[in-house]
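**Student:** If you number the sequence shown the way UniProt numbering does, the last residue is 242 and the count never jumps.
To be clear, the hints were calculated from the coordinates, so they are not data collected in a lab. Just so it is clear, the structure is predicted and the values come from calculations on it, not from any experiment. Glycine residues also receive a C-beta, built at the ideal position from the N, C-alpha and C atoms. All clues given are correct.
Here are the in silico distance ranges between beta carbons for each label pair:
1) Phe167 to Asp21: 43 to 51 Å
2) Glu217 to Ser86: 25 to 33 Å
3) Ala90 to Ile170: 37 to 45 Å
4) Lys227 to Val12: 29 to 37 Å
5) Glu217 to Val11: 20 to 28 Å
6) Leu223 to Gln107: 20 to 28 Å
7) Gly131 to Ala16: 24 to 32 Å
8) Ser198 to Ile170: 39 to 47 Å
9) Glu214 to Lys110: 40 to 48 Å
10) Cys85 to Gln8: 29 to 37 Å
11) Arg224 to Ala90: 16 to 24 Å
12) Pro51 to Tyr9: 39 to 47 Å
13) Asp27 to Gly177: 26 to 34 Å
14) Gly131 to Leu94: 21 to 29 Å
Below are the DSSO-like pairs computed for lysine-lysine, each with C-alpha atoms no more than 30 Å apart in a straight line:
15) Lys19 to Lys48
16) Lys110 to Lys144
17) Lys93 to Lys28
18) Lys110 to Lys163
19) Lys48 to Lys28
20) Lys19 to Lys191
21) Lys200 to Lys227
22) Lys144 to Lys163
23) Lys48 to Lys163
24) Lys110 to Lys93
25) Lys144 to Lys114
26) Lys93 to Lys48
27) Lys145 to Lys48
28) Lys23 to Lys191
29) Lys93 to Lys144
30) Lys227 to Lys114
31) Lys48 to Lys110
32) Lys93 to Lys145
33) Lys144 to Lys48
34) Lys48 to Lys114
35) Lys48 to Lys200
36) Lys163 to Lys114
37) Lys114 to Lys93
38) Lys163 to Lys145
39) Lys28 to Lys227
40) Lys114 to Lys145
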Amino acid sequence: MGVSGFSQYTVVHQEAVAKIDPKAPLDKVCLLGCGVSTGLGAVWNTAKVQPGDTVAVFGVGCVGLACVEASRLAGAAAVLAVDRCSSKAAAAKLFGATHFLCTANFQNEKIQNKIQELFPGGVDFSFDCTGNVGIMRAALECTKKGWGVSVILGVAGQGEEIKTRPFNLIVGRQWRGAAFGGWQSRSDMPKLVDLHMSNKIDLDRYITHRMSLERIEEAFDILRGGKGIRCVLSMHEQETQQ
1 MGVSGFSQYT VVHQEAVAKI DPKAPLDKVC LLGCGVSTGL GAVWNTAKVQ
51 PGDTVAVFGV GCVGLACVEA SRLAGAAAVL AVDRCSSKAA AAKLFGATHF
101 LCTANFQNEK IQNKIQELFP GGVDFSFDCT GNVGIMRAAL ECTKKGWGVS
151 VILGVAGQGE EIKTRPFNLI VGRQWRGAAF GGWQSRSDMP KLVDLHMSNK
201 IDLDRYITHR MSLERIEEAF DILRGGKGIR CVLSMHEQET QQ
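Construct the complete structure from the given sequences, taking the supplied hints into account.
**Tutor:** Shown next as C-alpha cells:
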C-alpha cells in the first residue's frame, strides 16, 4: 500500500499525522494503525452492533479478534467465532466469543447451515476477516432474512469475485464493506489511543511476539502459520521473542 511500514523513518504530509497522548506506549498503540482498529470500527461504526444482537465472526486473526472484542463491548448477546484452526478457540473465548466453530469439521456441510441450526433464523451481523470469497458468501447467508448484515473486511485475491443467489439480497440481507473500520484517521486515532489508555481495550492481548526488525521474515512466518496474533518489531533495539 506504499505506507513505508517497515522503514525506520518516513516522511509524510502533515495531514497524515495524528497527535496522540504523549504517554501512550508506541510499541502497543502501533496496533491501532490497522488490524485492531479495523475490527473495532467495523462493529461500532459500520454494523453498529447493539445490546442483544447476535454476531458471527469468520477468521480469528487480529481483525477477527477485534470484531469479537468490539461485539462483546457493544453488548452482543452471542458472539460466534469461526475459523479453520481449532487451536484458535481459546483466544476467541478470551476476547469474548460465546461460541466457536471449526470449519475443518464441516467439509461436507455448509457452515452457514450449521450456524442457522445454532441460531434459528441466523445471526444479526456477520464479519468476514478471511479474504476467502467462499466464506464471504457463507457469512452473508448465515444472517437473518429481513435485516441481516454481513461486513466484508478480508481482502480477496486479485480478480476474485463474490457471488450469491439474488434472492438472498431480495429478502433483506445486506453486504457491506469497511476499510480501517470507518474511522477518520486523523481525528479518531486519538480517541482509539484513549480507549487503550483508559483500559477500555487491552492491546497487550493482541501482541504474542516481540522481535527485532532483522527477524521480520520469521514474524511473517508466524502470522502465516497462525501461530500468533500480532508481532511487534523493534526498529532500534534487539528485543527477545516472547
